[in-house]
Structures are given as structure tokens and as C-alpha cells.
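The chain contents come next:
2 protein chains.
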Amino acid sequence: MGESTALLTDRYELTMLDAALRDGTAHRRCVFELFGRRLPGARRFGVVAGTGRLLSLLRDFRFGDDELRFLRDERVVDAATLAFLADYRFTGSVSGYREGELYFPGSPLLTIEGTFAEAVVLETLALSVLNHDSAVATAAARMSLAAGDRPLAEMGSRRAGESSAVAAARAAYIAGFGATSNLEAGRRWGIPTMGTAAHSWTLLHDTEEDAFRAQIAALGTGTTLLVDTYDIRTGVETAIRVAGTALGGVRIDSGDLPTVAAQVREQLDELGATGTRITVTSDLDEYAIAALAASPVDAYGVGTSVVTGSGTPTAGMVYKLVARQDSGGGWVGVAKASTDKGSKGGRKSAFRTLDAGTATSELIVVSDGFEELEAASSHPDARPLQVPLVIDGEVDAAHEGPDGVKAARAHHERAREELPVRALALSRSDPAIPTVYVDATPAG
Amino acid sequence: MGESTALLTDRYELTMLDAALRDGTAHRRCVFELFGRRLPGARRFGVVAGTGRLLSLLRDFRFGDDELRFLRDERVVDAATLAFLADYRFTGSVSGYREGELYFPGSPLLTIEGTFAEAVVLETLALSVLNHDSAVATAAARMSLAAGDRPLAEMGSRRAGESSAVAAARAAYIAGFGATSNLEAGRRWGIPTMGTAAHSWTLLHDTEEDAFRAQIAALGTGTTLLVDTYDIRTGVETAIRVAGTALGGVRIDSGDLPTVAAQVREQLDELGATGTRITVTSDLDEYAIAALAASPVDAYGVGTSVVTGSGTPTAGMVYKLVARQDSGGGWVGVAKASTDKGSKGGRKSAFRTLDAGTATSELIVVSDGFEELEAASSHPDARPLQVPLVIDGEVDAAHEGPDGVKAARAHHERAREELPVRALALSRSDPAIPTVYVDATPAG
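Protein chains in written order, with the numbering used here: chain A, 1 to 444; chain B, 445 to 888.
Isolated chain A, as found in the complex:
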């Protein structure tokens, strides 16, 4: 078991638990749903990420001595609630979208079923993980589409909180990036890592030539040399003089990249280094990558913009009670009345309808209760989007760890192939497919 995650929680969840244990509503069975009312940044599709991480963090959602002592000392809850928390273990069930899946407004990304007491306390943890990771994955997928077949590496750790950086590397990889600079992401999730040298490497040496020679001595001529510490033209000339025409690559981290890339390619070719690759890494985002499509660039490194969701650092998802038992034990769908239309009561089943393999709608079948939902049977090409993640408190380990990441990345690649062409444009717009609600509540 890892460090406790139980206090990664907003205080009001424990305050509600405390009050609900007093009035007995704590034991009402409930359905909470995690979803986004809209897509981050008015994009055409979203990408679900974080699910596998959340499941592991859920295993560690236990209140140990430190956590209980804090809650007692600060009088956050009373003695009966402390006793409940000491024994807390989520015994309910969670179903949801596969990690890497695409999503649209209203998609029920997670459905959490259990007592109010056990489900209400997971709100903050679930949202923190999915909001962050999905924001990164959604931005990363657009960059990956813009890069096409050219390799794309995530190198933004320094522009994100030190733990979020590891999660961001993971989310970017799921959404199509090929590697990360973050070593912990490599160790923890099996993601390929990359990186050779910074400007400090050149500055450390008495001359640029000394720096290049030392790097090649250590890493071989297949390495990538950073050529823009002083003058790029001189840097490229020195690089090839030192390494020979078999030099693996050069990296450019400044300047007007379309111009500079073309000049460097011409210079490399003139020097006979026709196989030396050009990597660019200066403040790239999906728009800059798209603008370089016709430039002689071989690989991209993206930092700030991918780890910060390219202008939308959080996916804005919410965690809402959508159905509960009433005092008589029957089920009722519930929703905040004064909300906009994206918040809909009732338990939901979700399907992606397809026409010849291309997505046509996000079909969401709504029910007040727990009966099996079969409305999608009228859509023979509808692909069910939800899978069991936790069953009666048992986490499905297939979603966790490096294997979970690999599966999520593969699933994302498949799901992306279903996108209609209009989903690939980078401009702000409406979702690529409409969300269609079908009411399955039995008459009477």
C-alpha cells in the first residue's frame, strides 16, 4: 500500500458524511457520476485519462492514524464518523469509459455506485485525477494528430508541479506522444524516456567544440547535438566537423523555426549530412506543429503547452449525485434544478453509434433505476463505452500500472480512427458528434 490518499479531499465531503451518519441518509444507496458539461477549450473531442491512476489511488484511500488524528484534533468530524472512517474501504462499484477513450459533453466517464457515505468522499480525488490528466491528454491528442508520423516527445516536466509532471507524461503518452523526458514516468509507467543535453552543457565547456566532442565520446555519433547556444550556423558546422556526416541529429531550441529548420537542413545537406535529423523544441503547441508540417523537421519536443493543456489546464469535469434510494427504498433520479442543461439526473449507459466505422453520435440512455439498459439494441453499430472498473470494492488491476497505460494507448489509437474528418480541425468549434439522450425510464 502507498501513502494514504484519504485527505486529498475537500473538507465538505467529510462534513456531509458526518451529518449523514447522524440522520441515517449516509446508508442510502446512491449513484454518482463524473462527467464534463462541455469539452475543454471548445475542442471537437476530449480524451479520457487518469482512470488507471485513480484506481491505484483508490486502493490507498484509507484513513490511518495520522489522518484520523488530524480530523479529531481539528474537530472536522465527530467520534462516530472517526470510527466509520477508521474502517473505511470502498465496497461499491465503479464503471466507466476505458482510459484513452474519446468523450463528449455529458459522457458518463465514471459511474460510482455505493452508499452515500462511501461514494461522497471520493469526489475530490476522482475529479483531481481525471480533470488534470484528461486536460493534458485532450491537448496531446491534437498535437499528435498535427505531428502525423513525425515523432513527438513530451518534455514539459519543469512547467508542471513535480507530481503532476509524471501524470502529464503518462497522459501525453496515452494520447499519442512517443516518449517523455521525465524519468519517473519511465520508471513508474514504462514510458520511453529521451533527452541528451541542455545549453548548460555547452556553457560548461570552454568551447562548443569541447562540449560536442565530450557528448559524442559519451553517447556516440548517433546522439543529438544542441546547436543554438551561440550561432546556429557555426554550431551546425562544428557539429558535423566533430561528429562526421553520420551525426544522429541536431536540436534547435530558439528562433523562427520554419526559417531556421530550412536553413539548417540546407546546411546539413551541403555538408553531406543528409541523414542527420532535425529536432525542434521551442515553445511548440498544436498550432506551431501544424505550421511546421511542410518544413524539414524530423521530430518535435513539446513542453509547456502539453503539460498545461494548451490553454485549458483542467477539463472542468464535475462529480454529481444522479440517482439515490428514497426513504422507501425506491430509486429516484436527481439533478440540481438551477443548472444548465448538461446536468441530467438518472443512471446512464453510453454507446458510440457508428456508420461504416465512423462515429455519428454519443448515445446516452438514461434510467432512474438499476434495470438493465437495452435501448442501444436498436443501434446495431453502437459500441458500448462503459466497462467495469471496480466490482464490489475489488479494483480490476488490468487498468493499473504499465500494462494499463499500454492498453489505454492502444485503445486511444483505435478510438481515434472512428473520428469523422471534421474532428481533426484545430479551430474552436462544436463537438465533432452530437450527444443524444434517450430516456429508458419504464412508463409507470
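The set of hints was computed from the structure by calculation and includes no laboratory data. Treat the hints with care, since some could be wrong.
[Stated by the list, open to error] What follows is a set of in silico ranges between Cβ atoms, one per label pair, in the way DEER data are often shown: (1) B:Ala842 with A:Glu3: 23 to 33 Å; (2) A:Asp392 with B:Ala734: 48 to 58 Å; (3) A:Gly244 with B:Asp847: 52 to 62 Å; (4) B:Ala661 with A:Leu68: 21 to 31 Å; (5) B:Asp847 with A:Glu266: 57 to 67 Å; (6) A:Gly148 with B:Gln707: 35 to 45 Å; (7) A:Asp396 with B:Ser871: 43 to 53 Å; (8) A:Ala80 with B:Val865: 48 to 58 Å; (9) B:Asp504 with A:Asp396: 26 to 36 Å; (10) A:Arg428 with B:Asp727: 12 to 22 Å; (11) B:Ala781 with A:Arg428: 55 to 65 Å; (12) B:Asp510 with A:Pro388: 23 to 33 Å; (13) A:Asp87 with B:Leu512: 37 to 47 Å; (14) B:Asp840 with A:Arg72: 28 to 38 Å.
[Said to hold, decoys possible] Here chain A is said to cover these stretches of chain B; the calculated rule only asks that three of the stretch's residues, wherever they fall, bring their Cβ under 8 Å from a Cβ of chain A: (15) 540-554; (16) 617-628; (17) 862-870.
[Claimed, not checked] Not the full set, but computed from the structure, chain B residues with beta-carbon under 7 Å of chain A: (18) Arg466; (19) Gln707; (20) Thr748.
Computed from a predicted model, the values in this text were never measured in an experiment. Note that CB positions come from ideal geometry on N, CA and C, so glycine has one too.
With chain A fixed as given, assemble chain B onto it according to the hints.
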């Protein structure tokens, strides 16, 4: 000791270390500097945050068996480098701005002195922590200024990665927020926590009245009731009927807040609940808070915008080699040539010049070497901005833990009082004071 932080590192730092151990430059003494070339979001001042966290993470920057095994298996470095890392412990010195201090373009927020080998590997960790925490603190300070004397609580955990959320709560508190919803921030850093109930609390119950009665039974009439689940007017009426006119407060989480706040205040007063406070929490940022200055609002809760830096989720600081020993043991200032003017070689000492207590400039004295810098003696009102944080590998514990947070918050409050009036405007502009460089390199 906590979990190892050693792999929260970009791979190229270890690649450079590996090559530098081979060619001997690893042992050259170096000065690295952490600074921002510009202020996040074209604001008028920045707020330094994260320093105390970084010092604690630095204690845990050790390569254990897991980390070394990964580096060996992935062939990131060779055997000699693995041996170096197994014994790694930072033995250099760090000086820097106090946490909570204001900063401006070029301010040397951290100066790291040691061998290239021991200092180069700290780049990512130092930047991750300061870039995230300072972006949040800088946004938070503006919100705190806009809120004036009204209490301000941070409740954005759900919109940030689960670990960054704890750091964000801490940064916001240092920059003037009064409380957080994040329980772990309360436990770890001693920050006051707050929160009562969500919409799910009302939806859990058969009626809003049931929910209010249960909450009051648990938390007393001094609690704050969330009144906008259904109809706000009915909610307020029910709240006062159930709680009486001694009700502590009502919270509004939707609608056009200036209008709704005025209506609710009028209704509360008509009902005789003249002491019942109004808290608003719907998508606030510094501009919305400022726009509510004339509204009858008693407290603010801010979520997304503070934890995401209100449009600028990273402070964009960099970590650069600015001076090093040459092969003869002498010191040379170094800087990337092709950079914009914000990157300046040489070791720096920083002072804030004041005129009758108001800041007039950020004075940065530049030197190639290690001699004592006394140029500020010509400015009798200059306040030195750097303090020792790590001396010969020994971290000054005064900056860590809850005591460090308390000191940082107090220092921020004092530093803010020095700001000229033009610094308080919210619009995008130039820094409130200029950065002035003075060259102290001895002639010859």
C-alpha cells in the same frame, strides 16, 4: 526521509552528468540561477512560492535501489555514473528569495552553487516546484488584493492534479488566502480548512428542508447552507425558517452574482436575518471578485482560477548556468548568446530599492566571480532580497513545514506593503518597478 524525488528529473540532466564525469568537467564548480525572464501573464509583480517545499524535496533527492535499477536497466547512464548517483547528496549551497517575496523579471530567485555534477541534476525539480507554486501565488495575490478585507478561501483541489492541489492550497495561503477546502493542506502545512455541504447533500434528501435540518442538527445554526440547488428564493426562505435568523451564512454557487447577492441580501434582511453572511463561489477570479466589491458579499470561495494561475498555469522560470570555473580554476560568467536580453551571465546579488518605504527598483548587481558584492551600499534604502537556504548541503529547516508557511505568509504581507499603487491595477501591463542591472565585475 520521504519517497525519493531523484527521478523527478529530465533524462538529459543524467545524460550530461554521465558525459561530464567522463571528461572531468563534472567537477567544475558552477553557479546555476533560477529566474523568470518575464512575469506570468504580463502582471505587475510576481510572488515567489514553493521554496520551502523544494528544500524538503531536496532532502529526499537520493537515488535508492529502485531508481538505480531503472537507470541501469534502461541504460540511461554507465556504471561509473551509477556509482556516483548511489552516493549522491547535494553538498553545495543555495541562496534565494524568501518564500512569499515579490519578484520581477530577472530576479535571481535561487542561486545554486556546487559542482556541475551536483547542481545540474536539480534543474527539473527546482523548476517544477517554483514554476507551479509561484504561478498560483501570483494569481492568488491579485485575488487577495481584489477581495480587500473580505475572507477568501481556496477550493480548487478538484481542478488540479491531486498533489498539485495541496501545493496550490499552500501557495494561495502564502499569498493572502485565509483558508482552503483541502484537508491534506491542513494536515501537512497547518492551513485552516473550511467547507460545509455540496449540492449532493440537498439531493440526497427527500426535500431541501430535510437537508437543511440535518445539517443544522450536525453543525449548528452557525453553519453555511447552500441555497441554490432548486430555487434560490425558496432556498433562502427555507433556510431561515429552519435555522432562524441566527443562521451563520448562505452560499450561492450559480447565477449572475451581483444580481443574486443583492436579492438574497434584501430577502435575508426582510426576514430579519441581518447577520446572516453571504458567501459566493461560482467561477470567481480576480476580475469577478473586483466586480463584486460593491455587492453585499461577505466571503469568496475561489476554485479553478486560483489553482490554474488564472490563465497562466506556469510561471515560466528557467534554470541556467551563469558562471563556472574554467580549466585554470578561474571564474567566468556564461550565457546563451542567442537568447533575449533577460538572460544574463554572472553571479547576482539582488536588492529592492525603496523610497520612503515604497519600492522603486529591483537592483541586480552582477559579478563574474565570488567576491562579496557591495554595490548596494550606495543605496541606503536597499533591502537585500537573498537569504541562505542551504549551506554546504545543510538545509535551513526554518523554511520548511508549517512554520515555513507561516513565515512566508507574514513576509508576503510585509513585502506587499512596499508595492507602489500602480502595482495594484489588475490589467496587463509592465512590471510595477524596473529591473536595474549594475556590473560589479572588477576592472581587469
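* Provide an ascending list of the numbers of those earlier hints which the structure does not satisfy. => 6, 11, 15, 17 and 19
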